[in-house]
Amino acid sequence: MSTIANSIFSPELAARFDKLVTIYPLKRSALVPMLLYAQDEVGYVSEAVIQEVAQRLDLFDIEVRSVLSYYSMLRTKPAGKYNVQVCTNISCMLRGGYEILDHCKRRLGIENKQVTADGQFSLEEVECIGDCCSAPAMQVNYDFHDDLTPDKVDEILDEYAAGKILDSTQKDGK
Amino acid sequence: MPRLVSHPDEVIVLKRRFGQGAASIDKYVEMEGYAAVQKAIAQGAEAMPGWIIDTMKSSGLRGRGGAGFPTGMKWSFVPKTSAKPKYILVNGDESEPGTCKDHVLLREDPHAIIEGAMIAGLAIGAKTGFIYLRGEYRYLLEIMEQAVADAYSRGYLGKNIFGSGLAFDIITQTGAGAYEVGEESALMESLEGKRGVPRIRPPFPAVVGLYGGPTIINNAETIANVPHILLMGGEAYARLGTERNGGTRLFGISGHVERPGVYELPMGYPLRKAIYEVAGGIRGGKQLKAVVPGGASCPVLRADEIDIGLDFDQLAKAGSMLGSGGIVVLDETVSIVEFALRTIKFYQHESCGWCIPCREGTDWIKKTLTRVYEGGGAKKDIDTVQYIAENMMGRTFCPFGDAAAMPTLGFVKKFRKEFEDYIEGKKAGTPLITVLELARAGH
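Order-wise, the sequence lines are chains A and B. Using my numbering, read the first sequence as starting at 7 and increasing by one per residue. Using my numbering, read the second sequence as starting at -17 and increasing by one per residue.
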């Protein structure tokens, strides 16, 4: 039973948040993880997310907004079901990261930070994701795909589109 | 995910459990796991903290995050008594472009990080450790959470670790995308639920850190070395490396090489051999042009500067840095103008904006290099870039300003002629791009 009446989150996530606020010396430490986990469930950090997170942490809305605007993974608009994040930082750039990004743009018919009309995919050019020795690399939601070629990207995106790959958040039911 | 690689020249300390399934606690224990923490406890409560710190000092281990500060010395700065609780904070916010060593380490040997944090806690009298991973490393966070849960269920973590009567708890934490949070003071801000902006020092974290308590912040690789050092002895570890640069290090070699990968090499290993033998040489038989030796913030080395040993002191002497151990190799086809622009774009994007020289400096360097790259630059732009970068150095709360300025200075000083030729070559008929035009184009 959540400590918050009428929580907007699933019972599982609400229970997780109930616990999360108790494990730190100061409960505000739960703020960044809560925003990210809330985004995983809701799809983005909505007004309702901001309100409930603020309430759970005894913060003003503005304090939550201030932190929210700092972190690049947190978004205030929905992304696609599969958020394709292509790294173009130095190690990936040297091995064709921009070609992969351009290929994704053509293939999905969208530009950086846009969502496809059917809501299935969104595309983001991202900074180094820590997969430099298997560059070029990308993440789809939280899953890494690397040693990419345009053909390999097509295969990966086909599998997502056909529902053959479950990304890790779906697998865990979180 | 980064693949596992190997080479006969590797000296294996940290990698000995890689590829063995050591994320499983049974496998970890089977391979001498949690033996080091028990060895420390066996020294007796009185002698233990001094024994751990002395061993760490004699190992010559220096911080693997990038700054290379001696770990044992850092631990010895923590006051013995403190009114506020002390903390261990493991920095797994690996974000330096060209660096993926902690990625492999976290996946292959998470318990080594847990055990190292426990030992650090015993050394300074901390009862709580935090393991902070960057938000993108969600699958690694799940591996780490499982490892922590397993260590609790065995009774290794908790109220009475290995019968010592001492408590140690570990809390795992995710970030949400921010390079700056890899900086130790910004990391503490983030863990306290705030924007990741840096704190002024002094006071240093060892005196006033997380929640105001004395805090030791170490990179994940640094911490993972600790159990190995305690088991093999500080001197034995030190002997693997060079003078004042003990042990081995995980070097991630990426870019234009035949066999990119994370290799464990002794400190001081020749950079030329690392590129041409360990990583298999330049891809496609091309010529080497330049090397960024320790992650994006380290000044570039030209092809004629690679006869150097990979340790903190030799790289510093050569005017660069060993940094995070991410060696990025550039072949002859790379345009340094384009590479320098991509590098500063990263820093401009990631600057937290707290200190004006960094916030404005990265933006103006990016704007200036953008117009050079677009073909509408002037020769004086090279001087402007150098002037801005020099004025960022040492004028910010945290090392980010330097981290953006140093590689920029490296590119324009060492490859000045390439910039000049680029400007001349592209200039033919191209009018100067004005600031207004740059701004209208979204730069």
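It is worth saying that the hints were derived from the structure and are not from the lab. Please note that the accuracy of each hint is not assured.
To be verified - Simulated coverage check for chain A against chain B, where a stretch passes if three residues somewhere in it have a Cβ under 8 Å from a Cβ of chain B:
1. 48 to 59
2. 76 to 90
3. 93 to 100
4. 116 to 123
5. 158 to 168
Claimed, not checked - Below, a list of computed lysine-lysine pairs in the BS3-like style, where the Cα atoms sit at most 30 Å apart:
6. B:K176 with A:K33
7. B:K9 with B:K66
8. A:K25 with B:K176
For each residue, glycine too, the CB sits at the ideal point set by N, CA and C.
**Asked** Does K25 of chain A pair with K176 of chain B here, judged by a C-alpha cut-off of 30 Å?
**Response** holds, 20 Å
**Prompt:** Would you say the segment 48 to 59 of chain A counts as covered by chain B, given the rule of at least 3 residues with C-beta under 8 Å?
**Reply:** violated (count 0)
**Message:** Would the hint linking K176 of chain B and K33 of chain A be met if the CA-CA limit is 30 Å?
**Reply:** holds, 12 Å
**Item:** Coverage claim, chain B over the segment 76 to 90 of chain A, checked by counting residues with Cβ within 8 Å (three needed)
**Value:** holds (count 5)
**Prompt:** For the pair supplied as a hint, K9 of chain B and K66 of chain B, is the alpha-carbon distance within the 30 Å limit?
**Reply:** Not OK: K9 of chain B and K66 of chain B at ~37 Å, beyond 30 Å, violated.
**Request:** Please count how many residues of the segment 158 to 168 of chain A have a CB within 8 Å of a CB from chain B and say whether that reaches 3.
**Result:** As far as the segment 158 to 168 of chain A goes, the hint is violated, because 0 residues have Cβ atoms under 8 Å from chain B.
**Coverage of the segment 116 to 123 of chain A by chain B (three or more Cβ within 8 Å)** = violated (count 0)
**Message:** Is the listed coverage of the segment 93 to 100 of chain A by chain B valid when you require three or more residues with a beta carbon under 8 Å from a beta carbon of that chain?
**Reply:** holds (count 6)
Going down the numbered hints, you'll see the structure goes against 1, 4, 5 and 7, while the others check out.
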